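Dock chain Y against the given chain B, drawing on the hints supplied.
Chain residues, written in single-letter form:
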Amino acid sequence: MTLLITVFAAIAATLVWYFNTRRRELKLGALALMFWGASLMWLVDAVFEYAELGAEFFSPAAADMLNDSYLGLCVVALGLTIWLGMLLFSDPKGVIRNALTNRKK
Amino acid sequence: MACFLIPAGEAVITTITQKIIEHKESSAGKTTEEVSEKSVKMPFSAKIKWLNGMLWGGSALLAFEHIWHGEIIPVFPFLTNAANPEDAAAMLHEMGTAGVAMAALVTAVWGAMVGISHIIEKRSEKSDNDAEVEIK
Numbered sequence: 017m018t019l020l021i022t023v024f025a026a027i028a029a030t031l032v033w034y035f036n037t038r039r040r041e042l043k044l045g046a047l048a049l050m051f052w053g054a055s056l057m058w059l060v061d062a063v064f065e066y067a068e069l070g071a072e073f074f075s076p077a078a079a080d081m082l083n084d085s086y087l088g089l090c091v092v093a094l095g096l097t098i099w100l101g102m103l104l105f106s107d108p109k110g111v112i113r114n115a116l117t118n119r120k121k
Numbered sequence: 811m812a813c814f815l816i817p818a819g820e821a822v823i824t825t826i827t828q829k830i831i832e833h834k835e836s837s838a839g840k841t842t843e844e845v846s847e848k849s850v851k852m853p854f855s856a857k858i859k860w861l862n863g864m865l866w867g868g869s870a871l872l873a874f875e876h877i878w879h880g881e882i883i884p885v886f887p888f889l890t891n892a893a894n895p896e897d898a899a900a901m902l903h904e905m906g907t908a909g910v911a912m913a914a915l916v917t918a919v920w921g922a923m924v925g926i927s928h929i930i931e932k933r934s935e936k937s938d939n940d941a942e943v944e945i946k
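Keeping their order, the protein sequence lines are chains B and Y. Position one of the first sequence corresponds to residue 17 (my numbering), numbered consecutively onward. Position one of the second sequence corresponds to residue 811 (my numbering), numbered consecutively onward.
No lab work stands behind these hints: they were computed from the structure. Only true hints are included.
Result set (BS3-like, lysine-lysine): computed pairs, CA atoms no more than 25 Å apart in a straight line:
| no. | chain 1 | residue 1 | chain 2 | residue 2 |
| --- | --- | --- | --- | --- |
| 1 | Y | K829 | Y | K851 |
| 2 | Y | K829 | B | K43 |
| 3 | B | K43 | Y | K857 |
| 4 | B | K43 | Y | K859 |
Computed from a prediction, not measured in an experiment: that's the story for all the values here.
Isolated chain B, as found in the complex (with noise of 0.2 Å):
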């Protein structure tokens, strides 16, 4: 369940950054890259799991597709939270420079 919605999260990236203009200032590349780059590992972590367990593999507990799912969810949540920290580093905007300069004013 992390890998299928880390790549659901990949493809939802990278057809944002497909389809707007602004992708360089909004850092739309580096976010579906993060997900890609995740979504490969995962699929090599499903490979070995999958040449350990066999058919298994495709019936888990109904208690581990669930924590898989929270932990996907959460992995998506981190993805974006380290994607908008770099945007606000950047400040493409300038708005957090003017906010800062304001203030000290």
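Frame of chain B; chain Y shown alone:
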């Protein structure tokens, strides 16, 4: 266990490589985008950034998963499996198999991305040349 450490290690190397290439490109007079009269070509340092993004991002999210499962702890030795030799051997085995496979797959996908971008750039150059010939 600690499989994400291999892609994270690769990310350190590729980030240093990217900085060196970026420095060489800027000293050679190339900016973030090599602009010719015909088309815009992306410098290689920008393409390595794709690999960095996937490696750093993926490693960070996988590290979070390891914290979730209690495999990373905030006290020494930081990895629960590094506490005893038997678990450490299993951890190193996982790093050597799953970790290396993760780094290899991400690098292979990046290689494919670079290959496709090269084809698109060539095609764009060719269509520019064809348009120029038609004008003449």
